[in-house]
Amino acid sequence: MSFIDFALIIDSIPKMLVGIGLTFQLLFLSLALGTALAIILLLLRISGRWYLSAPTMVYIYIFRGTPILVQIFIIYYGLPQLEFVRDSIFWPILKEPFGCAIVALSLNTGAYVSEIFRGGVLGVDRGLKEAGAALGLSATHRFIYITSPIAIRLCLPAYSNDVISLMKSTALASTITLLDMMGIARTIVAETYAPYEVFISVMVIYLIITWTIQRSFGWIEKRMSRHVRIEA
Amino acid sequence: MDAITGWWDDFFWGSLVVVELFFVALILTVLFGLIGAAAKLSKNRVANAIASGYTIVFRGTPEILVLLLFYFGSAVTLTAIAQVFDPEIKFVDFPPFWAGSLAIALIIGSYATETFRGAFLGVEPGQVEAARALGVSNLQTFMYVRIPAMWRLALPPFGNHMLSLIKDTALIAIIGLEETLFVAEQAIGYTAKPFTMYILVGVIYLGFSTIITLSVMMLERYANRHLEVGR
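Taken in order, these protein sequences are the chains called P and H. Following my numbering, the numbering of the first sequence begins with 114 at its first residue and continues without gaps. Following my numbering, the numbering of the second sequence begins with 3 at its first residue and continues without gaps.
Keep in mind the hints are simulated off the structure, nothing from the lab. Heads up, some of the hints might be wrong.
The calculated label-pair distances, taken between Cβ atoms and stated as ranges, are [what the hints assert, rightly or not]:
#1 P:240 <-> H:193: 27 to 33 Å
#2 P:236 <-> H:54: 25 to 31 Å
#3 P:324 <-> H:49: 20 to 26 Å
#4 P:240 <-> H:220: 32 to 38 Å
#5 P:251 <-> H:123: 43 to 49 Å
#6 P:156 <-> H:224: 16 to 22 Å
#7 H:40 <-> P:232: 26 to 32 Å
#8 H:188 <-> P:304: 54 to 60 Å
#9 H:229 <-> P:304: 40 to 46 Å
#10 P:261 <-> H:226: 51 to 57 Å
Part of the chain P face toward chain H, derived, beta carbon under 10 Å [to be verified]:
#11 146
#12 149
#13 172
#14 175
#15 186
#16 241
#17 299
#18 300
#19 308
#20 317
#21 323
C-beta atoms are modelled at their ideal positions from N, C-alpha and C, and glycine is treated no differently.
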């Protein structure tokens, strides 16, 4: 057994980078869909009507209380067992592993992000909302012009953490035959049986992505709170 | 539902493996978290650098990658070592249970490192100074002043880490540990009822999550019982 096989590293990195496109597709599509879902869940949750907020709480409880891997398996392997799913209009999406991965990741991240958003909304000073009400703004206007801008700033750090954990979860798509970076890495390891070289190389690529996400959010945060900084 | 009949005992033993895994990994997580926090808070630059590297790597890479690296990496190394002694040996692996719990504990431990670090910094300096003024030794200050004060602060985020920990145990089925997800795969092989089986796994995990959430709530109440009196 030789030490480190550099030729293999140099050979396998370009192969794995082919999968980065799929990793990004999984990340951005499920982030967009998940965030949209999170906003809907948030609005239902803070609607103040129990028949809207109770089902939302159950949804969040279920999706945060079970492993994402199990959710992926239920959607990809489990749903085809049900006949009405196979007959439904969603079948073209759910029969493809890519569609299933997107659905699973979006549903999962939606549950987490809606809780983050709720934290942000609850963190907005009541006095500001009261001031808005005193000025005669409607509830909708207060939410759009007063609550949202402040809430977004408050929950940005937690949101960036969730984007990173979503990015890490995209690697689980390799368990349902998708060839994202992780899937390609696993294939190469199965062929060469050189786990250290291949897995550590792909680890470095993931670390670079994490670092980029962190830096981008750091920049956005700084920009969004620039009026606070000048005062201080 | 009929499909599950006959698999109950398998799911029970699988759940038991999850519980064992959880407790082993939990102990290791606390250990790694405390060592990491101590290293981050120390004045030693080398310790600082190692701890930072540890948290960056384990918080920034997918859990499944760490797990596979540990399992297959250790298998390659162990096989190579074994072949030195006996060239006949084809494959030796680190038991999936231990490779898995170590990998998960290192991942969650890196999150716990940050939590514990924050909690230690949150201990009021006055309390530590008071202990010192009373002539309490460093070790005793740590055990009787710092730890009781910090764990109250660390408990809510640590509860979340425990939830991540229980959920990550599902990943270990990928390297062939006979826990619930693995049992479900076997059951599907016989019954061809993937939806039923995976939903059952989901329900089992939901049960575990609920137990952890409730336990953390009780622990929090216990930890803050001295603050209750005034209310």
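Going through the hints against the structure:
The hinted window of 27 to 33 Å between residue 240 (chain P) and residue 193 (chain H) is violated, with their beta carbons roughly 60 Å apart. Between residue 236 (chain P) and residue 54 (chain H) the beta carbons are some 29 Å apart, a value that agrees with the proposed interval 25 to 31 Å. Taking the beta carbon of each, residue 324 (chain P) and residue 49 (chain H) are about 23 Å apart, inside 20 to 26 Å as hinted. Taken as a hint, the range 32 to 38 Å holds for the pair residue 240 (chain P) and residue 220 (chain H), whose Cβ atoms sit roughly 35 Å apart.
At about 44 Å, the CB distance of residue 251 (chain P) to residue 123 (chain H) agrees with the hint of 43 to 49 Å. Evaluation of the 16 to 22 Å hint for residue 156 (chain P) and residue 224 (chain H) yields a failure: the beta carbon distance comes to about 37 Å. The beta-carbon spacing between residue 40 (chain H) and residue 232 (chain P), approximately 30 Å, falls within the hinted interval of 26 to 32 Å. Between residue 188 (chain H) and residue 304 (chain P) the beta carbons are some 27 Å apart, a value that contradicts the proposed interval 54 to 60 Å.
In this structure the supplied range 40 to 46 Å is violated for residue 229 (chain H) paired with residue 304 (chain P), their Cβ-Cβ distance being about 59 Å. For the pair residue 261 (chain P) and residue 226 (chain H), the beta carbons lie near 34 Å from each other, so the given range of 51 to 57 Å is not met. Because the beta carbon of residue 146 (chain P) sits about 20 Å from the nearest beta carbon in chain H, more than 10 Å, this interface hint is broken. Interface restraint check for residue 149 (chain P): the shortest CB-CB distance to chain H comes to about 24 Å, outside 10 Å, so the restraint is violated.
A hinted interface residue such as residue 172 (chain P) counts as satisfied when its beta carbon comes closer than 10 Å to some beta carbon of chain H; here the least separation is about 12 Å, so the hint is violated. Of the supplied interface hints, the one on residue 175 (chain P) holds, with its beta-carbon coming within about 7 Å of a beta-carbon of chain H, less than 10 Å. The beta carbon of residue 186 (chain P) comes within 5 Å of a beta carbon in chain H, closer than 10 Å, and the hint placing it at the interface holds. For residue 241 (chain P), the shortest C-beta to C-beta distance to chain H is roughly 27 Å, which exceeds 10 Å, and the interface hint is violated.
The beta carbon of residue 299 (chain P) is positioned within 10 Å of a beta carbon in chain H (closest approach about 7 Å), and the interface hint is therefore held. Hint on residue 300 (chain P) is violated. Least Cβ distance to chain H is approximately 12 Å, over the 10 Å limit. Restraint check, residue 308 (chain P) versus chain H: the minimum CB separation of about 4 Å is within 10 Å; hint holds. Given the 10 Å rule on beta carbons, the hint for residue 317 (chain P) holds: about 9 Å separates it from the nearest Cβ of chain H.
The interface hint given for residue 323 (chain P) holds, since its Cβ lies 4 Å from the closest Cβ of chain H, which is under the 10 Å cut-off.
Checked against the numbered hints above, the structure violates hints 1, 6, 8, 9, 10, 11, 12, 13, 16, 18; every other hint is satisfied.
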